[in-house]
Amino acid sequence: MTVRDGLVDPAQPLRPGPTLATVMQRIAQSPADRLPAVGALGDGSPRPGRAHVDAAAVVSDTLADLAPGGVRTQQQIAWLRTFFSAPGGFGDQRARAALITSWVLADPALRRTPVLADVLTGPEATTDWALTAISRLSTVLAPVLEPSTWPSTTATREEAARAVLRACGLHPGDETAVDAEARWQTVSTAIQSLVLAQLAEEARRTEELNRALAEKRAREAAAQVSHV
Numbered sequence: 000m001t002v003r004d005g006l007v008d009p010a011q012p013l014r015p016g017p018t019l020a021t022v023m024q025r026i027a028q029s030p031a032d033r034l035p036a037v038g039a040l041g042d043g044s045p046r047p048g049r050a051h052v053d054a055a056a057v058v059s060d061t062l063a064d065l066a067p068g069g070v071r072t073q074q075q076i077a078w079l080r081t082f083f084s085a086p087g088g089f090g091d092q093r094a095r096a097a098l099i100t101s102w103v104l105a106d107p108a109l110r111r112t113p114v115l116a117d118v119l120t121g122p123e124a125t126t127d128w129a130l131t132a133i134s135r136l137s138t139v140l141a142p143v144l145e146p147s148t149w150p151s152t153t154a155t156r157e158e159a160a161r162a163v164l165r166a167c168g169l170h171p172g173d174e175t176a177v178d179a180e181a182r183w184q185t186v187s188t189a190i191q192s193l194v195l196a197q198l199a200e201e202a203r204r205t206e207e208l209n210r211a212l213a214e215k216r217a218r219e220a221a222a223q224v225s226h227v
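Okay, so the sequence shown: first residue is 0 according to numbering that gives the first Met the number 0, each after it adds one.
Hints in this document: simulated from the structure, not taken from any laboratory. These figures come from a predicted structure and were not determined experimentally. All C-beta atoms, glycine included, are put in the ideal place defined by N, C-alpha and C. A hint or two may mislead.
[What the hints assert, rightly or not] Estimated spans, in silico, between C-beta atoms of each pair:
#1 N209 x A124: 22 to 32 angstroms
#2 G68 x Q11: 20 to 30 angstroms
#3 D8 x A217: 52 to 62 angstroms
#4 G121 x Q11: 16 to 26 angstroms
#5 P142 x E219: 45 to 55 angstroms
#6 Q11 x A217: 49 to 59 angstroms
#7 P107 x D127: 13 to 23 angstroms
#8 T153 x P30: 42 to 52 angstroms
#9 A116 x T153: 26 to 36 angstroms
#10 Q11 x S84: 23 to 33 angstroms
#11 T152 x D127: 28 to 38 angstroms
#12 N209 x A10: 34 to 44 angstroms
#13 E206 x A85: 31 to 41 angstroms
#14 T205 x G5: 25 to 35 angstroms
Turn these sequences into a full structure, and let the hints guide you.
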């Protein structure tokens with residue numbers, strides 16, 4: 000069973016990108032300013048004596064580097080700040096995901112992918128592509144795989160790398176689309192959680208059905224005894 004994950008546009012088939020190892024290595028090389036400690040994210044306001052990372056500004060600067068000739072607008076930064084201000088800790092989580100994602104998107108090895116030539120056609124298209132990937136990963140992957148752990152282990156690097164490629168409309172270039180999809184269904188924390196939840200629900204329904212049948216048989220047996 001193939002489970003949809005919200006990272007891809009189902010109307011657009013995934014196309015070959017860089018190798019999985021290339022993206023995993025980029026994630027492993029995430030610099031310190033892309034992996035801020037809890038409480039180190041800020042909104043750009045001065046905070047004497049306290050180091051902080053203004054995620055919206057960092058991501059916006061990366062977008063400007065991705066799209067030479069593009070305009071780093073206040074509206075763009077404002078949108079990012081709003082996106083990163085979701086309540087309940089989700090805003091910081093999104094920001095941490097966006098910091099790493101934008102670092103990966105800035106990798107020339109990714110942007111040189113031949114099939115992206117008809118996607119990254121100009122500053123506006125490139126910015127839209129990057130923001131779409133950032134939004135998808137921040138809202139789909141980050142809640143189930145804490146962004147600060149993405150570079151930590153081989154397993155988290157693989158899951159994050161596959162997720163980044165999917166969000167960009169790609170699959171690992173050293174795999175077929177079918178093999179990449181099968182592997183993703185196996186390693187995705189979100190999909191495995193959903194599958195386990197579905198199995199638990201099926202088990203609950205089976206238990207309820209068995210209990211109802213047992214009660215029915217007991218009533219029928221009692222009725223037969225009462226007529227003897």
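- Query: Taking each numbered hint in turn, which are not upheld by the structure, reported in ascending numerical order?
  - Reply: 1 and 8
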